[in-house]
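Protein chains in written order, with my numbering: chain A, 8 to 124; chain H, 34 to 145.
Just to be clear, a hint being listed does not mean it is correct.
Selected chain A positions facing chain H (Cβ under 7 angstroms, derived; list incomplete) [what the hints assert, rightly or not]:
#1 Ala14
#2 Tyr40
#3 Phe114
The calculated lysine-lysine pairs, modelled on BS3-like cross-linking and capped at a C-alpha distance of 25 angstroms, are [said to hold, decoys possible]:
#4 A:Lys45 - H:Lys129
#5 H:Lys74 - A:Lys119
#6 H:Lys73 - A:Lys45
#7 A:Lys10 - H:Lys129
#8 H:Lys74 - H:Lys55
#9 A:Lys119 - H:Lys73
#10 H:Lys73 - A:Lys10
#11 H:Lys74 - A:Lys10
Because the hints were derived from the structure by calculation, they are not lab data.
All values reported here derive from a predicted model rather than from experimental measurement.
Ideal Cβ positions, reconstructed from N, Cα and C, are used throughout, including at glycine.
These are the residues of each chain, in order.
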Amino acid sequence: AQKVTQAQTEISVVEKEDVTLDCVYETRDTTYYLFWYKQPPSGELVFLIRRNSFDEQNEISGRYSWNFQKSTSSFNFTITASQVVDSAVYFCALSEVTGAGSYQLTFGKGTKLSVIP
Amino acid sequence: ETGVTQTPRHLVMGMTNKKSLKCEQHLGHNAMYWYKQSAKKPLELMFVYSLEERVENNSVPSRFSPECPNSSHLFLHLHTLQPEDSALYLCASSQKGVTEAFFGQGTRLTVV
Numbered sequence: 008a009q010k011v012t013q014a015q016t017e018i019s020v021v022e023k024e025d026v027t028l029d030c031v032y033e034t035r036d037t038t039y040y041l042f043w044y045k046q047p048p049s050g051e052l053v054f055l056i057r058r059n060s061f062d063e064q065n066e067i068s069g070r071y072s073w074n075f076q077k078s079t080s081s082f083n084f085t086i087t088a089s090q091v092v093d094s095a096v097y098f099c100a101l102s103e104v105t106g107a108g109s110y111q112l113t114f115g116k117g118t119k120l121s122v123i124p
Numbered sequence: 034e035t036g037v038t039q040t041p042r043h044l045v046m047g048m049t050n051k052k053s054l055k056c057e058q059h060l061g062h063n064a065m066y067w068y069k070q071s072a073k074k075p076l077e078l079m080f081v082y083s084l085e086e087r088v089e090n091n092s093v094p095s096r097f098s099p100e101c102p103n104s105s106h107l108f109l110h111l112h113t114l115q116p117e118d119s120a121l122y123l124c125a126s127s128q129k130g131v132t133e134a135f136f137g138q139g140t141r142l143t144v145v
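Build out the structure end to end from the sequences listed, making use of the hints.
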């Protein structure tokens, strides 16, 4: 069975600090996809990134960067120079294929990030 | 107009009531999902519809009844719920064969 662990339940940082959110996963699949979603107080889950299991290149998008390490089954997310608008719950997720070609996401429990002005 | 729209945003219902949650997607996707998010559990997949056919039902109690009349609409019919069913219910959609799902803002359900 697939499993996603986000060990950090809550993190507080002061604005402009860098912060890293950890994600560790378990799967027996050789092909899989990893995701990060952001859930602001409004409730909607906002898709941030997808990474497939064959692509271990790190990715940077503005202040966001992701470090995928297959050897340690980790997919960590770093926010550089954090801002108050980054305050949200962040979810790491792992996909598996369900019937008829659709995908099921297994989510971690989420990390609540609070950025203090 | 957001990609995935859920109504109502908030719902309070008694244990003997019958209500329905609605989800509509404007992204041209052909797979839709219901997830449940409660306070102390990870997001749990409830149902998957692919091409309007239910393909997953993750041991969800029969008091939850999904309906997918077409690829753009998804309903969750609720009856005789329990207080522990109080949660945020999220709808999502995706394109078959594409991995990422896009979520609505959810319906915050309180059962009293």
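Query raised in the report: Looking back at the numbered hints, which does the structure fail to meet, lowest number first?
Result: 1
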